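Engineer: Protein sequence lines correspond, in order, to chains Y and Z.
Residue numbering for the first sequence follows the working numbering, beginning at 41 and increasing consecutively.
Residue numbering for the second sequence follows the working numbering, beginning at 17 and increasing consecutively.
Calculated directly from the structure, the hints in this document are not laboratory data.
All clues stand as given, with none of them false.
Only pairs whose alpha carbons sit at most 20 Å apart, straight line, appear in this in silico SDA-like list of lysine to any residue:
1) LYS130/Y / ILE93/Z
2) LYS242/Y / GLY321/Z
3) LYS142/Y / ARG91/Z
Here the structure is a predicted model, which is why all the values come from computation and not from measurement.
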Amino acid sequence: MAKQLAFHIDNSACIGCKACQIACQDKNELPPQILWRRVFQYGGGNWVSDPSIPILYRANGVYSYSVSVACMHCQNPICVTVCPTKAMHKRDDGVVLVDQTKCVGCRYCEWACPYGAPHFDQTSGVMTKCTFCEDLLAQGENPACVDACPMRAIDYGELEDLRQKYGDIDAIEPLPLDRYTHPSVVITPNKHAQLSGTGTGKIQNLLEEL
Amino acid sequence: MNTREWALIAFTILNQMAVGSFLVLGIVHAYAMRKKGMQQADQLSDMALVSIVPVVGLALIASLFHLGNPINAPRAIANLGTSWLSREILLDLIFAALALVFAFMQWRKIGSFSLRNIIAWIAAIEGLGLIYVMSNAYMLETEPSWNTLATPATFYATAFLLGSLAMGAAFVANYAYVQKHNPGCASEQCELMRDAVRGISISTLVFLGVEFVTLPLYLATLSSAGQAAQSSLLLTIGPFSTVFVLRLVLGFLGAGVFGIFLYRNAASAGHEKTLGYLVYAAFALVLVAEVLGRFLFYATRVRIGI
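This is chain Y alone, in the form it adopts within the complex (with noise of 0.2 Å):
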C-alpha cells in the first residue's frame, strides 16, 4: 500500500479544459455548486497602446496558464489538525477523507484549509471533499480526473516515486506556500509559471470557482 498518495500535476500541458473538473463533478455527482477540483487561470501583464498607432494595443509581458487543483491530501493536513469532531482524518495511505457520519458542519476546516479544499454541503448540513476516488482505486481504476484529462496532464501514485520523476515543486501561484500544510503535490510548471510567493499576476476566472 503507498505511504502517501499524490497527485502529479503537468502544468506545462494543462490547456485548462476542465474536463477534470467536469469528470470529477460527474463521478461523485457533486451539485453545481460544489467543486471538489477547480482550475484556476492565473496570469498578468498588461496591454500598452502603440505610439503610433494609438488603437493598436500590443502585449506588455502578458502571460496566463491553467492550474487544476483539489485536495492536496497534506501530508500536514491543517484540516484535520482543527476539526473538532475527527471526522476529518488521514488513512494509512494518506488520503484525507471526511466521514460524514461524524461531521458537526462546523466549518472550521474550511476557514482553515489554504486549499478551499472541505465543501461544505447545505443539504446534508456536513462537509464534502475530494476522496481521490478511493472506490475507484479500490477496484484498481485511476480517479476519475486522472483519466478525463485529455493532456494527460494528471498523473497520481506514491508521493516519493513523483518527486523522483517530476522534481519536488509543490506550490506555484496562485497556491500558497507549502509550508502551512506540506501538500501532497508534484507540478511540472508551465513556461510561465510563478512560485508562490513571487506572484505578479492575479486569478482572472474567480468567479467561476469559487
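Take the given structure of chain Y and dock chain Z to it, following the hints.
Structural biologist: What follows is chain Z alone, placed relative to chain Y:
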C-alpha cells in the same frame, strides 16, 4: 454573512459578556462585603449573579445554530489533542456548569461561604481560560486577520466592557427593586450601588482605552502581513468603513462619554434615576458597538491561499 455567522457573533459576545460579568461581580461583591458585610453584599449582587446564567445558556443555544449538523454536537469535544475548537467547547461547557452551580448555591445559600467562594474562584479562572482558548480557536495560521494578538486583546476587552456595563445595569435595576420592596436597607444599598457604578465607569474607560490602542496597531499589522491580510485591511477601510466608523463612534459614546457621565453622577446621592438611564444607554451603545466589531471580525476575514 448568514445565520451561521450571526450565531457565532451571538455565541462569542454572550460568552465573553458572561465571563466579564462574573469577574466584575466577584470584585464588586468582595468590595461590598468588606464595606457593609455579607448580607448587604449579597443583596447587591445575588440578582445580578442569577441573571448571568441565562446569558451563558443563550450563548450555548446560539452556538448550535452555527452547526450544519447539530445532531453530532456532542462529538465536538472529541479532538482535544489538537483542535482548539474542541478545547473551546469543553471549557465553555465547564464554565456554564460552574456558573450554574455557583449561582444556584449562592441564591439558595447552599453550602458554607468558603465553599461557595472556592467555586466562584474556580469559575472565574476557568472563564479567563475560556477567553484565552476562544481566541486561540481563531488564531489559525492561514487566517492572518485573526492570527494576531488583537484577537485575545479584543476578546478580553469585550468581556470586561460588556461585563462591566451589564453588571452596572443589573445593579441599577436591583436597586430600583430594593427601593420598592425593602426600603429599610435602601440607603446602604444606594451607597454600594453608587460605588459599584463608579468603579464600573472607570473599568469601561480603561477597556475602551485597550480597544482604542489595539485597533490602530491591528490595522497597521494587517498592512504589512502579506496579501491576504492586506485584503482584510482593504475590506475594513473600504466596503465596511461605515460599519467600522460606526463601531468606533458608538463605543466611544457608550463607554467614553457615558462613562464619564456615570462617574460624575455616581459621586453623590440623589441622581439614581439619571444613573439608571445612563447605564442602560451606555450598555446598549457598547453592546451595539461590540456586535458591529465582531461582525467586522468575521466579515473582513480573508484566508491565505485559494
